[in-house]
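Here the protein sequences come in this chain order: U, E and D. Heads up, the first sequence is in the numbering used here, so the first residue is 19 and it goes up one at a time. Heads up, the second sequence is in the numbering used here, so the first residue is 4 and it goes up one at a time. Heads up, the third sequence is in the numbering used here, so the first residue is 51 and it goes up one at a time.
Please note that a few of the clues may not be correct.
[Unchecked claim] Here's a subset of chain U near chain E, in silico, CB distances under 8 Å, partners left out:
# : residue
1 : V63
2 : P192
3 : Y208
These are computed hints drawn from the structure, not numbers from a lab. This structure is a prediction, so every number in the text was calculated from the model and none was measured. In this text, a Cβ means the ideal position worked out from N, Cα and C, and glycines have one as well.
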Amino acid sequence: MTARADLETIRALMRRALNEILRVPGAAIPGVLAPTIFFLGLTAVFGNLTLLPGFTTDSYQSFLIPVSLMQGAGFTGAATGVNLARDIEQGWFDRLLASPAPRGVLLAGLVLSASFRVLLPATVLLTVGFALGAHWPGPGGLAIALLITMGMAIVAAAWGTTIALRFKSQSAAPLMQVGMLLLILTTTAYAPLALLTGWLQEVARYNPATQIVDAARQGFVGTVSWDETWPGLLALAGLAALLVALALRGMRRTAD
Amino acid sequence: MTNLRVIGALGRRSINQTFRRPQLIAPILIFPTLLLAIQVGGAGRAVDLPQFPEVNGFLDFMIAGAMIQAALLAGNSGGIALALDIEMGFTDRLLAAPISRFAIVLGRLVGTAALGAATAVWFIAIALIFGAKIEGGVTGALLIILLVTLSAIAFGAIGAAIALRSGSASVVQGLFPLVFVILFLSTAFFPDNLLLEPAASIAEWNPLSFIVEGIRDLVISTFLGPSFAEGVAALALVSILGLLMSAAAMRGRLKRG
Amino acid sequence: MPGVTERRSRVHTIRAMPAIETRDLQRVFSGGITAVAGVDLKIADREIYAFLGPNGAGKTTTVRMLTTLLRPTGGSATVAGFDVVSEAGEVRNAIGVALQEAALDPLMTGRELIRLQATLHGIRRAEGQRRAERLLARVGLENAADRRVGTYSGGMRRRLDLASALVHTPQILFLDEPTTGLDPVSRKAIWEEVEKLNREGTTVFLTTQYLEEADNLADQVGIIDDGRIVAEGTPAALKEEVGRPHLEVVLADGTMDRAEEILGRFGRPLPAKDGAALVELKEGAAGVAPVVRALDDAGLVVESLDLVQPSLDDVFVAKTGYHLEGSETPDVEENELESPA
């Protein structure tokens with residue numbers, strides 16, 4: 019297929035994914051609001067952790083916002099997986115597979131849509147977060163945070179796609195959600211690295227997602243610097259490459 | 004006393020349903036356990052704060068919240084199972100038989116109770132393995148199992164009421180996120196003097212706070228204080244609420260026919 | 051054609067090769083279920099070939115292998131001259147597919163669907179739009195084109211599915227049970243469309259449970275049962291192979307015995323039915339005229355005369371031992387099998 023035809027196919031698939039939100043708005047509401055609801059809950063419960071000596075900020079909202087953004091990415095990616103599982107169950111996916119569109123192009127259409135869909139819960143979250151006193155991260159900090167959020171949405175969508183292709187059923191949805199949740203929460207999600215205890219501190223130390231969370235968090239808790247940014251971007255790129263490769267493998271094996 | 008036999012039979016069925024398919028129990032046990040592990044690791048330093056109550060460790064503090072979370076999920080899943088029975092038409096068959104209406108709900112609750120007891124044992128084991136100490140001793144542990152089981156029944160009754168009212172499994176399933184919300188608004192995960200608004204105010208009168216504190220008391224203190232009594236009272240309140248809701252929902256369903 | 055940059059496969063010029071060829075094609079699923087146990091096919095260009103068999107016979111599995119959706123676990127297959135495994139991309143260029151589940155998105159409109167299909171085949175937007183208009187008109191869906199597919203009737207969905215399978219003018223069209231569940235009027239409409247497509251040069255491979263469909267449409271019929279082809283040939287040849295037509299003659303009262311004696315000269319007598327004398331014609335249909343003459347010469351008055359041909363069901367019974375029942379339920383067992391052994 020020519021490059022032009024491939025791009026057109028990706029655009030068409032992305033448009034279809036976005037259509038879901040427009041045409042069945044009720045279905046999207048939970049996913050859009052969930053990260054904000056968890057944000058409100060967690061800040062109300064654990065907000066006073068900032069009283070601990072060594073906490074890097076006095077605003078738990080500012081500290082937690084990037085984590086909730088990642089959570090939004092996780093839910094969006096899981097939704098992509100669930101939609102694919104439904105398409106597989108209903109035979110729609112066969113239509114795509116029987117066409118000459120290359121598997122990589124089909125995958126791109128699926129996961130790229132997630133990176134745009136995540137902006138919806140992200141916007142709600144940021145609006146509520148700022149209203150509750152989260153620090154303004156500055157244009158640079160905000161851009162980095164959103165870029166990372168979109169990147170994590172691709173990671174989550176690739177994961178959801180892999181699970182959907184493996185189990186071919188919507189009932190695998192919890193697995194899609196739990197996977198991303200574990201990745202995001204076994205990091206400096208609740209507190210800075212030095213204040214984590216026991217096994218979590220060890221895991222967070224080596225979890226690439228910690229770099230990602232910290233990079234997204236920069237502007238909200240302090241100043242933005244390249245030194246803080248590049249490890250997160252590298253980790254994100256690595257994670258994305260790994261999961262997209264996994265998903266592509268799954269796509270290629272649909273006929274097995 | 005055919006009703007007792009009916010409850011026994013339905014109870015056996017609901018236990019079979021619950022425990023024969025591990026993929027359904029797993030989320031109820033695994034999810035709160037994972038969350039517990041992460042929260043203990045992430046917020047565990049809070050015990051260093053001067054305002055934090057006297058405990059052996061953060062796990063000792065948290066374990067009660069995890070148990071109640073699991074009990075809520077167990078109640079929710081019992082409601083889903085009943086809703087599926089209704090969708091399938093099984094409940095109609097039971098209603099057409101000469102058995103007490105309530106036997107139908109109680110039979111379902113037997114399964115939920117068993118699940119509640121199982122989660123209590125599970126978390127007690129987790130607590131002991133990971134270094135927590137149950138100050139209440141063996142008696143305390145038994146009381147914990149009892150309280151968690153009764154909680155699961157109470158939540159199950161509310162779940163059953165919603166199932167009877169809506170007749171739809173997806174409606175009951177949709178309440179799943181609510182479990183987390185009401186727990187955030189209680190002292191399930193953090194002490195009341197360290198909560199921020201709006202959680203602080205709501206937690207003050209949230210019955211779940213009292214139930215959790217009652218169980219927590221058995222873990223972190225050596226004697227039965229007022230917290231235990233308050234917990235039992237709150238549990239009684241929720242149970243009565245659940246029973247009234249179920250009765251009303253059942254009546255409504257029978258009237259609608 | 052202007053605006054068309056879709057890949058055109060070279061097969062459009064090589065028409066002498068068989069359109070579809072398989073050698074010992076097999077598919078075994080996990081758990082040891084053999085859905086297709088070794089199928090040999092050779093389907094000529096521009097032929098209409100029907101796979102006739104009951105649910106679970108292996109029809110859908112075979113179609114899925116030929117349309118590159120499923121990998122064979124044994125044997126080989128080429129479609130439009132390309133191997134379905136190693137040259138899957140080229141196969142997909144040359145085929146149009148309308149599967150049993152009429153895989154449509156209920157939230158899309160008919161027009162959007164065909165245009166998406168066009169995009170998948172690399173057809174440019176303007177050209178895709180033109181083709182969509184033409185195809186929608188061809189299957190009679192112009193008025194419903196901007197309504198969501200979820201509002202379409204079963205017949206409308208099948209027609210839309212068929213139209214979308216044609217957007218890239220494929221050389222070979224695969225139809226999996228195209229009229230199952232449709233009312234007779236819709237069924238006839240699909241048949242007419244398939245015949246028209248065939249006249250225009252498209253090879254058609256269809257699977258069906260309906261004898262009438264195979265009988266009316268197909269140039270060649272393959273009867274498949276339990277993963278194997280048990281009989282193959284033109285509908286006429288298959289029926290002839292199994293039996294000859296029989297004659298049912300009703301005569302004026304009292305003349306039955308004499309008639310039976312005369313009829314016996316022309317073939318094997320069969321048990322009488324409902325007051326009619328039955329005879330299996332040795333000469334086949336050609337034997338009708340002599341029988342009529344003989345009865346007439348004998349002065350017997352014929353009240354009615356029926357020539358009854360053997361049906362494909364008779365063929366089916368002869369080959370498998372049981373009747374083919376055209377049921378309305380989809381091929382559930384086959385569709386749920388996905389992982390190989």
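How the hints compare with the structure:
no. : hint : in the structure
1   : V63  : 5 Å, holds
2   : P192 : 6 Å, holds
3   : Y208 : 3 Å, holds
In this structure, every one of the numbered hints holds.
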